[in-house]
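Trainee: Protein chains in written order, with the working numbering: chain A, 1 to 368; chain B, 1 to 368.
One or more hints might be untrue.
Since copy identity is lost for identical chains, a pair holds within one copy or between any two.
[Said to hold, decoys possible] Dumping the calculated DSS-like pairs for lysine-lysine here, alpha-carbon to alpha-carbon at most 30 angstroms:
1. K205 <-> K31
2. K205 <-> K84
3. K366 <-> K56
4. K87 <-> K125
5. K297 <-> K223
6. K84 <-> K271
7. K84 <-> K38
8. K229 <-> K125
9. K159 <-> K322
10. K156 <-> K10
11. K169 <-> K26
12. K125 <-> K30
13. K55 <-> K229
14. K229 <-> K10
15. K271 <-> K125
16. K223 <-> K300
Worth flagging that the hints you see were computed from the coordinates, not collected in a lab.
2 protein chains.
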Amino acid sequence: MDFTLFMPTKVIFGKQCIFENGHLFKEFGKKALIITGKSSGKKSGALDDVIALLKKEEISYCVFDHVMNNPPLENISEGVLFAKKEKADFIIGIGGGSPIDAAKAIAALYTNELQPMDLFSHSLKNASLPIIAIPTTAGTGSEVTPYSVLSVRELKTKKSFSSPYSFPKIAFIDSTYTRSLPDEVTIDTAFDAFSHCMESYLSLKSNHQSELFALEGINAFSKCISAIKNRDFTDDIRDYLMYSSYMGGLAITMTGTNVIHAMGYSMTYFKNISHGHANTLFVGAFLRYNQSTVPEKTEKMLAILGFKDIMQFERFLLSNIKNEVTLSEEEIREYAQLACTQKNINNSPKKVDQSIIENMYSEVVKGV
Amino acid sequence: MDFTLFMPTKVIFGKQCIFENGHLFKEFGKKALIITGKSSGKKSGALDDVIALLKKEEISYCVFDHVMNNPPLENISEGVLFAKKEKADFIIGIGGGSPIDAAKAIAALYTNELQPMDLFSHSLKNASLPIIAIPTTAGTGSEVTPYSVLSVRELKTKKSFSSPYSFPKIAFIDSTYTRSLPDEVTIDTAFDAFSHCMESYLSLKSNHQSELFALEGINAFSKCISAIKNRDFTDDIRDYLMYSSYMGGLAITMTGTNVIHAMGYSMTYFKNISHGHANTLFVGAFLRYNQSTVPEKTEKMLAILGFKDIMQFERFLLSNIKNEVTLSEEEIREYAQLACTQKNINNSPKKVDQSIIENMYSEVVKGV
Chain A
1 MDFTLFMPTK VIFGKQCIFE NGHLFKEFGK KALIITGKSS GKKSGALDDV IALLKKEEIS
61 YCVFDHVMNN PPLENISEGV LFAKKEKADF IIGIGGGSPI DAAKAIAALY TNELQPMDLF
121 SHSLKNASLP IIAIPTTAGT GSEVTPYSVL SVRELKTKKS FSSPYSFPKI AFIDSTYTRS
181 LPDEVTIDTA FDAFSHCMES YLSLKSNHQS ELFALEGINA FSKCISAIKN RDFTDDIRDY
241 LMYSSYMGGL AITMTGTNVI HAMGYSMTYF KNISHGHANT LFVGAFLRYN QSTVPEKTEK
301 MLAILGFKDI MQFERFLLSN IKNEVTLSEE EIREYAQLAC TQKNINNSPK KVDQSIIENM
361 YSEVVKGV
Chain B
1 MDFTLFMPTK VIFGKQCIFE NGHLFKEFGK KALIITGKSS GKKSGALDDV IALLKKEEIS
61 YCVFDHVMNN PPLENISEGV LFAKKEKADF IIGIGGGSPI DAAKAIAALY TNELQPMDLF
121 SHSLKNASLP IIAIPTTAGT GSEVTPYSVL SVRELKTKKS FSSPYSFPKI AFIDSTYTRS
181 LPDEVTIDTA FDAFSHCMES YLSLKSNHQS ELFALEGINA FSKCISAIKN RDFTDDIRDY
241 LMYSSYMGGL AITMTGTNVI HAMGYSMTYF KNISHGHANT LFVGAFLRYN QSTVPEKTEK
301 MLAILGFKDI MQFERFLLSN IKNEVTLSEE EIREYAQLAC TQKNINNSPK KVDQSIIENM
361 YSEVVKGV
């Protein structure tokens with residue numbers, strides 16, 4: 001048994017949890033910078049809740065609500081400028097993966113004299129500004145990971161950096177903030193969370209400890225399958241989805257993601273397909289490719305999920321997302337090439353290379 | 001779903017794990033204070049390993065190897081004096097629960113102007129000296145908890161304090177350090193670890209997250225039952241025991257312990273019975289008392305353990321420890337009274353009071 005676990009974020013999980021813990025915000029200083037996107041913070045009610053709380057606790061604040069989906073580095077620079085002008089003591093990231101990941105990048109660049117692009121090649125010398133993360137989707141798990149995924153135009157892809165300083169200090173995980181999501185987003189993000197768990201579980205880097213979290217997340221996801229089919233998301237189901245997303249975060253913190261994420265990035269970058277949707281496309285192909293290498297794990301996972309084989313599970317996934325994208329031969333080649341620049345392809349149980357990844361793309365997006 | 005998880009310790013689990021991570025020691029300063037007991041650090045080989053490593057990393061060190069079993073406050077004061085004289089930058093606690101718990105108390109008193117007795121009533125204002133914990137028994141889980149249990153002569157019992165500052169910065173968990181333990185100690189401590197998991201699982205404070213750790217620990221313990229019967233502790237079994245102890249630590253960090261620990265303290269304090277042994281005596285009585293309140297949990301646990309009922313499981317436990325202690329009526333009254341001063345008795349699923357605790361003592365130590 002060999003593993004390393006480091007996850008210093010204080011996780012506070014439950015309905016209305018920020019209100020019971022207002023005093024914790026004060027520990028980080030007198031001025032908060034709220035980082036969020038155009039809509040999720042607002043529609044979910046989380047932004048209003050946080051502002052009400054900050055007022056009550058007499059903490060001043062400023063709001064940067066320009067985070068774009070899959071934030072490009074230029075968007076991060078804009079946030080850093082804003083943060084430096086406002087001189088905040090700590091950051092509150094509210095939203096899906098994009099605002100929380102942006103918060104991590106801005107928090108790092110606030111205290112380290114680096115350009116956004118340097119985040120991918122430099123270790124942080126100074127601790128980031130403290131971050132409080134409040135997810136409003138149940139997918140990313142970013143509230144408990146050190147990862148931040150950003151879009152890099154120069155490299156035509158998404159790229160992630162990570163630092164021990166990028167773990168949020170506190171994650172307030174309140175599933176009621178997902179109530180306002182369109183069903184399509186609830187499902188896309190739920191599939192992203194599942195994919196984190198599954199990619200981690202099958203990863204070459206998986207270990208006794210990470211598998212506990214991955215299987216626990218898969219187990220929580222399995223309780224939501226009927227709800228997904230019926231578009232019937234009760235508060236209990238939303239709790240399970242949030243928990244599965246959080247477990248996925250713990251799992252990938254230990255193992256990283258896998259080929260599916262590497263393949264999905266281009267679908268998001270070039271085709272503007274949501275992250276969860278993009279991952280979902282490749283789950284079946286990935287499972288089929290690896291089945292003979294990790295037959296027991298595949299079997300165990302399907303049993304937990306309640307599907308008789310990969311095909312049946314894939315049908316469930318694909319029937320719950322829009323699946324209309326097609327790629328040309330040239331696009332497939334380019335995307336596979338880009339996927340091969342991502343380190344996480346090395347986590348595949350059965351080795352992959354460019355031609356294998358091309359095949360996986362073809363299998364899905366050409367209907368072969 | 002409601003819970004709070006905070007466990008900031010970096011856990012590095014595996015054989016020879018300190019040697020692969022020598023550089024981490026340097027992050028904490030130039031001089032280490034090693035805190036250990038008379039024998040466990042030495043016999044296990046851990047002390048020699050740590051000293052060799054510190055030399056290699058050019059970190060100077062001093063050794064306080066006077067930690068007594070169930071360390072009394074006077075013993076802590078002695079350690080604090082030594083630490084202040086030596087002016088160390090960080091502490092390395094090596095041993096079973098006693099040295100690691102002593103390390104937490106000494107680390108706290110080094111940076112806070114308090115008397116040892118104040119630890120039970122005052123929050124720490126200043127961060128403790130950083131602690132690296134290296135367990136040499138698989139029982140306490142102290143390497144990942146904020147708890148420190150000390151003997152208090154004035155109160156004629158053991159008492160625990162906890163602080164967010166008392167989490168070790170790093171836990172190096174290497175099960176090979178348990179190879180040199182007498183079988184009796186291996187078993188006593190294994191039962192302590194099990195008891196942590198079980199007391200947490202059945203606790204009123206248990207929750208979705210703590211139950212994951214508690215059941216995982218019980219599951220790991222269940223793989224060691226034949227080995228315990230046969231006194232056949234392979235390296236794989238030692239890994240499972242260490243993992244179960246670590247899981248128990250995670251579980252009780254969230255929920256605290258329960259009645260069993262409250263009852264065991266007097267057996268250790270007055271009768272010099274080891275902590276694990278003391279707990280083991282009361283497992284059966286505790287399970288029987290609570291069975292009707294938590295029937296499903298009891299059933300699930302027995303199923304994981306592979307026993308058909310509480311009686312059969314209790315027989316297994318008691319046949320593997322020396323069980324020769326008897327108590328007078330007066331002792332039973334006094335111990336039950338002392339147990340009632342411990343907060344953890346409130347974690348019992350079915351409410352307990354002094355007379356119920358007296359009955360539990362009688363059931364076990366008078367053979368009723």
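Trainee: Within, between, both or neither: how does the pair K229, K10 come out at a Cα-Cα threshold of 30 angstroms?
Mentor: The answer is neither: 33 angstroms in one copy and 40 angstroms across copies each exceed 30 angstroms.
Trainee: Since the copies are identical, ignore which copy is meant and state whether K55 and K229 lie within 30 angstroms (CA to CA) inside a copy, between copies, both or neither.
Mentor: neither (41 angstroms within a copy, 61 angstroms between copies)
Trainee: Within, between, both or neither: how does the pair K205, K31 come out at a Cα-Cα threshold of 30 angstroms?
Mentor: neither (40 angstroms within a copy, 35 angstroms between copies)
Trainee: Should K87 paired with K125 be assigned to within, between, both, or neither, using CA atoms and 30 angstroms as the limit?
Mentor: both (20 angstroms within a copy, 27 angstroms between copies)
Trainee: Regarding K297 and K223, is the shortest C-alpha distance of 30 angstroms or less found within a copy, between copies, in both, or in neither?
Mentor: both (19 angstroms within a copy, 20 angstroms between copies)
Trainee: Tell me, please, which holds for K223 and K300 at an alpha-carbon limit of 30 angstroms: within, between, both or neither?
Mentor: For K223 and K300, the Cα distance is within 30 angstroms both inside one copy (16 angstroms) and across copies (20 angstroms).
Trainee: When no copy is specified for K84 and K271, does a C-alpha distance of 30 angstroms or less occur within a copy, between copies, both, or neither?
Mentor: neither (34 angstroms within a copy, 63 angstroms between copies)
Trainee: When no copy is named, should K271 and K125 be tagged within, between, both, or neither for a Cα gap of at most 30 angstroms?
Mentor: neither (36 angstroms within a copy, 53 angstroms between copies)
Trainee: Classify it for me, K205 with K84: is the Cα-Cα distance of at most 30 angstroms met within a copy, between copies, both or neither?
Mentor: Answer is neither: 39 angstroms inside a copy and 43 angstroms across each miss the 30 angstroms cutoff.
Trainee: If the cut is 30 angstroms between Cα atoms, do K169 and K26 qualify within a copy, between copies, both or neither?
Mentor: For K169 and K26, both the intra-copy (13 angstroms) and inter-copy (24 angstroms) Cα distances are at most 30 angstroms.
Trainee: For K159 vs K322, is the C-alpha pair at or below 30 angstroms within one copy, between two copies, both, or neither?
Mentor: For K159 and K322, only the intra-copy Cα distance (25 angstroms) is at most 30 angstroms; the inter-copy one is 60 angstroms.
Trainee: At most 30 angstroms between CA atoms: does that hold for K84 and K38 within a copy, between copies, both, or neither?
Mentor: Cα proximity of K84 and K38: one copy only (21 angstroms, versus 55 angstroms across).
Of the numbered hints stated above, those contradicted by the structure are hints 1, 2, 3, 6, 8, 10, 13, 14 and 15, listed in ascending order.
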